[in-house]
Every structure is written in structure tokens, then in C-alpha cells.
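**Q** Letter by letter, the chains look like this.
There are 2 protein chains.
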Amino acid sequence: MPRVRLVDVAERAGVSMKTVSNVIHDYPHVAPPLRARVQAAIDELGYRPNLTARRLATGRTGMIALAMPEIDHPYFSELSRSIAEEAKGLGLRVIFEQTLGEADAERAVLHDREAGLVDGVIFHPVQMGTMEIARLAPDVPVVLLGESAMPVTSDHVMIDNVAAAADGVALLLQSGRRRIAFLGTVRDDITGSTGQRLLGYQEQLIASGITPDPTLVLPVAGFSIEDSRDALTQAIESGIHFDAVLCRDDKFAIGALKSLAAAGRSVPDDVAVVGWDDTHLAGYSSPTLTSVAPDKRALARTALGLLKERIEGFAGIGRHRVVPHSISVRESTPPVETG
Amino acid sequence: MPRVRLVDVAERAGVSMKTVSNVIHDYPHVAPPLRARVQAAIDELGYRPNLTARRLATGRTGMIALAMPEIDHPYFSELSRSIAEEAKGLGLRVIFEQTLGEADAERAVLHDREAGLVDGVIFHPVQMGTMEIARLAPDVPVVLLGESAMPVTSDHVMIDNVAAAADGVALLLQSGRRRIAFLGTVRDDITGSTGQRLLGYQEQLIASGITPDPTLVLPVAGFSIEDSRDALTQAIESGIHFDAVLCRDDKFAIGALKSLAAAGRSVPDDVAVVGWDDTHLAGYSSPTLTSVAPDKRALARTALGLLKERIEGFAGIGRHRVVPHSISVRESTPPVETG
DNA sequence: CGGCAACTGTACAGCGCTGTAAACGTCCGC
DNA sequence: GCGGACGTTTACAGCGCTGTACAGTTGCCG
Chain G
1 MPRVRLVDVA ERAGVSMKTV SNVIHDYPHV APPLRARVQA AIDELGYRPN
51 LTARRLATGR TGMIALAMPE IDHPYFSELS RSIAEEAKGL GLRVIFEQTL
101 GEADAERAVL HDREAGLVDG VIFHPVQMGT MEIARLAPDV PVVLLGESAM
151 PVTSDHVMID NVAAAADGVA LLLQSGRRRI AFLGTVRDDI TGSTGQRLLG
201 YQEQLIASGI TPDPTLVLPV AGFSIEDSRD ALTQAIESGI HFDAVLCRDD
251 KFAIGALKSL AAAGRSVPDD VAVVGWDDTH LAGYSSPTLT SVAPDKRALA
301 RTALGLLKER IEGFAGIGRH RVVPHSISVR ESTPPVETG
Chain L
1 MPRVRLVDVA ERAGVSMKTV SNVIHDYPHV APPLRARVQA AIDELGYRPN
51 LTARRLATGR TGMIALAMPE IDHPYFSELS RSIAEEAKGL GLRVIFEQTL
101 GEADAERAVL HDREAGLVDG VIFHPVQMGT MEIARLAPDV PVVLLGESAM
151 PVTSDHVMID NVAAAADGVA LLLQSGRRRI AFLGTVRDDI TGSTGQRLLG
201 YQEQLIASGI TPDPTLVLPV AGFSIEDSRD ALTQAIESGI HFDAVLCRDD
251 KFAIGALKSL AAAGRSVPDD VAVVGWDDTH LAGYSSPTLT SVAPDKRALA
301 RTALGLLKER IEGFAGIGRH RVVPHSISVR ESTPPVETG
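Listed in order, the protein sequences are those of chains G and L.
Once you know that position 111 of the first sequence is 111 in my numbering, the rest is easy, because the numbers rise by one and skip nothing.
Once you know that position 163 of the second sequence is 163 in my numbering, the rest is easy, because the numbers rise by one and skip nothing.
Just so you know, these hints were derived from the structure itself, not from any lab.
Just so you know, not all the hints are guaranteed correct.
Pairs count within a copy or across copies, as identical chains cannot be separated in the list.
Straight line, CA to CA, 20 Å or less: simulated SDA-like cross-link-like pairs of lysine to any residue [said to hold, decoys possible]:
#1 K88 with L117
#2 K88 with A103
#3 K308 with I95
#4 K88 with L100
#5 K308 with M63
#6 K88 with P32
#7 K88 with D213
#8 K18 with D269
In this text the structure is predicted, and so the values were computed from the model without any measurement.
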């Protein structure tokens, strides 16, 4: 394949390489007739610039890495889509790294064996803590997603999980529920998202004059639908009484729906269910699921904005941004009582 | 950031650049003591090779593009995950292109304005036809997924949709169903996947001595769950009698479940439902969904294998590979009658 | 009509790495 | 003890592009 190079075009147009380069980059100071001649040569030869050479010369790759635990998890794939679309708008290519929550894979994201692959990284850590990220991050501009770490050296975007959980509880309270359970894996650190959501849940209850009942905080053994289903079923069988469940994510909420259906409890009449992340799953279930909705678009836009600034040279300390959330109300919660 | 270069390491170790390069690449003919000395220099300086420069020198990028219609569609995201994992095993990085089924985006996949971005492309076309792909594809090694096009110049991997549909129908027949409906968008070309699935459905019925009833082929207006739900509801309201539904994908099957639940039909007792793609959705629904299961892992492995061969120079005509499928039996179909 | 500024366009030195060809030993076998 | 074979290391020329510094040109003002 005889690739056409810049010099070939230059030769054909009878100008210097640099002039051709200027035409390609729409550099203003090129006389119109010359520009036309060069453009003609480009078209005739079918010239296409070699990205790799450009990168070597400029030191920029125009690519960012997007590192997430699992690309086929609904929340991450939907967020990835938003990020991919925003990135395209900014002229950035996205390369995906799947960490599967493995510490080594996460470290590799920040400190690759090779350098110069990407200009920056958007990273949703699971394993790595604040300290370690801070130690490795100087290598490359990084924007962090999620709640597990917030070092001062990297930027960070998230929603206010405490407030969002409180909003979820408030919605349930407004519709008359009083015995609200929280369904989520709680063995992890209180700084993780589940911990924050639990905190918001408790705060809102207290603020509304209700003493949180610890038996209503239901731990789940793993991350599968079956785990959450079993956890709720166990609660039901233990005779724990509740009229609503706030779940740490949509998958757990789907598990809850399964458990409630099996137990013959009607949703939302007997028990209201609120999921989290507002993924497509929320529309697929029966009944459809009311879900706490992070503004994924805003998350994507904000993260890319911060990253772009860093790529372009910003070197200040880590910035933290909170993006909006809302609640997508569907069939799994009853209409709010008015008045 | 004072990047360490190959020459810095060479200088420190008192050898030539090339020797350092040889050490990095585990080139065999380097004397052990020298190798150790060079390695020490590498470690002390924290040297990491610059990928861009390497690419320019070798002409290889070590990256492939994965172009799919939507990265947050369950089937595509799950397939992407398999491909990403296989690619990692082969030392390839994956950059994602989302075409959203737009013709321009699809064309850009095969003929980018810039060259040298990736070594090859795995592409699931929706809009582009055989002709156009054949015209554009010579630029870069391509492996096609899906059924919409199969030019002789590119490789192609798929499952046998006709046989898979027949298997689905056979399963339903074995469990005693006789009035089997087919739910799917049929306005598209008979060569597309839906057409092939419909064909297999019809063939299997005929092979079993049943005359296909055209009123049981149910068109769907769009691609959403609501569209499929409404399509089935309309069929029910029209008084069409059926005791099973084979759906063109899991999403449509979820819509079917919704419609049947609303109509008070029990699944699988009154109506059995079979989905397609065996995505995570199949396990999330209630009842869980029996689904035709393409072997995604095999698909990924096969596609990458073919692509790798092309990247390494294979230039024969397009090869076509069929990978296995099976049926994941879950709750939405009754147990098969034995005997 | 000289001289300066504003435009246009060019030459050339890298960016950091690898492939090639050739040099340099060194060890054998005869 | 010498030619050759082999194993080891080096020098150097690119890969294709862009940034810098500078050379020509033209136009305009005083």
C-alpha cells in the first residue's frame, strides 16, 4: 500500500511540506489560490495525514482512557455512552480499560508500562484508595468518578449521594410510607457510595422525626440480583415489617421486586421500591422502577471539561464537582399524597 | 515533566540505544551481564518506552477499533466486553466507535479522515451494505459482525440465525406448543438478522408439519420495549390465538412479558416466551427468560483471530465463520415433555 | 520613493524509537 | 595459528509530521 505522504503532496503542488500542513490545519495565512492548489493536490492524491507521526511531533495523542469496572454493567455502559458522545464532540477518541475491580488493573490505568498512550484518564476506581491514587496519578491528568477516593491531586466528579438518598426517602415519606428499609451491601467502607447513601437515608429519617430502625438496614451477601433477592426474602421471612425499600442500585431493586413478587407482596401497594442509577433496567422491570437518577450527561460533560483543562495545562490542586441528580418516578412507588 | 528517553538509559548504561531496545524487547542475543546492567539503568531511571514513537517506527499501533451501533445496548455491551477481554489477551487495545446506526458514522469507521489510527477494525454494520463496505474496506483490515453485509473482501463472523431460530421453535414444539408467534420488526431486508430468524422459524414449522400462519408473524413499529409490548397487545386484542412467542431479541421479549402480564396471561403456562441474544436482561425479568444464546465468547475470539491474521498480512478473500449458539432455558418456557 | 510592517511561504531540525547493515570480538576446527 | 562462523553490539538512517526561525513579498505611510 503506497501511502501518500505530506512531501508527496508538497511536491505535486510545488510547495513546501509546511504549507501543505498549514492548509490541512486551516492556518489562516495561506493565500487563497495557493490553498486551492494545495487542496487539489491533496484530493487528487487522496492524502490522509498519518496520526502517529502527528502525535510524535506534537506530543498529543488526542485520546483519553476511560477506565471502568465493567463495561457491560448497565450504569457503566450508559455512562460510557455519554462520555463517548461528549468526547467525540471535543475531538477526543476514547480507549476503554476494564478493570473488573482488580487492583492491578486499576494501577495499570494510572501507571502503564508504556507511556504516551493517552493524554488523560477518566477513572472510576473501586479498589484503589486515595493515597495510592495520589502517589501514582502525577503521571497523567486524571479525573475520578465515584465516591471511593478523592485525593487532592486529581479532579473528582460525583453526585451528592447523601442528598440523593435523602430525596429518595423524602419521596417515600411523602407518599405515606414509614417503615422504609435500606437494601445494600454494607460491608464496605463508610466512605464508599453505599455508605453515603445509607447516611442520607438515616439523616432524612431523623430529620423527619423517625428513629432509624437498624433491623431495616439489610445487608446483601454479593452483587448479584439473586443475592439481593435472597436478602430481602430473608428479611420477609424473619418477620421484619416494612412498607418501602430504598435500594443501593437498580440491580438490587430488581432483586427486591423478585423477592416481593414471590412473597405475594404487591408493588407499590404493599411495598414501594426505589432503585438507584436510573439505568435502562428501571424501564424494563414490571412494575417499572422509580430510581434515583444521577445526571449522567452532566457527569460526562463535567468530567471531560475538567480533564480537558488539565490536558491543556491546568495544574492546580484537585477540584471537586457535584453534578445534579433527580428521581425518575415510575410505577414502583405510589403517587405522592398531595397537600 | 522530564521524560526519560531511550538514549538517556543507553548513556547511563554505557551502551547503544539499540541494545537498550533489545533488552526491552527481550531480544535473545544480549549477554546476561549486559542485560542486567541495562535493566538496572532502566529501573533506576524509571524509563517507559514512548508508544507513539514506537508506532511511528514500526508502523503498527497495537490498537483496533470496535464499531458498534450502541455501546449501552445489552447485547453490544456484553459482546464488547468479550471482545475487550480477548483483545487484552492478544495485547491489543480497543478504541470504541459508536455509530448509532448512522451511515456517516459507519463510513467513517472504514475510511477515516486520518490514517494510521488503528491496525484493524471489528465492525457491526447496520446501514452500510455489502457494496459500499467492499468499496471502502481495502483501507484497513476489517472483520464484520452481524448479518447485514457480507462482502467478499472482508471477513465475517456470525451465528447461524436460521438454525438458531429453528432450534427455538423446536424447543417450543417439544414442549407441546403449536400456535407459535414470531415477534419482530420485519420491515427490514430479508437478509438482515430478523429476516433470517423469521426464515428459520418458518422452516422449522414446516419441517414439523405445521403450516405457518401469517397472522402469527407480528410486526413491531420500532425498537423499544413499549413498541414490542404494544405490538403483542394489539395481537391479543385482535383475538389472535397463540401459545408461544419467539422474539427477535430479549428486549422485545421483555415487552412481550409486559403485554402478557397486562392481559392476564400466565407465562409460561398460557404462553411461552423465547428471547434472543441471552443478555443479562434474560435473568432480570420475571419470569426469567429462555433465550437463544449466541456464543459471544466464541464470536469475540473468532473475530479477533481473523483480524489478527489480516493484520499480520493475510490478504486472501473474505472468510466466513459461523460460531455456535445454544438456548439458555429459563422460566419463560415450560419444561420439555419427555418421551 | 525609502522604509517598516504585515503577510506568505520555506528550510530544517527534531519528536523517540526501530530495522538494517555492518563492525567487532570470540571461539572453533582443521 | 588462521579463516570462517557465529554471537553480540553499534551506528545511523529513517518513520511522517510540526514548530521555529527566517527569508521573500507586498503594501502602505510619511
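**Q** Starting from the hint list further up, note which numbers the structure goes against and sort them upward.
**A** 6, 7 and 8
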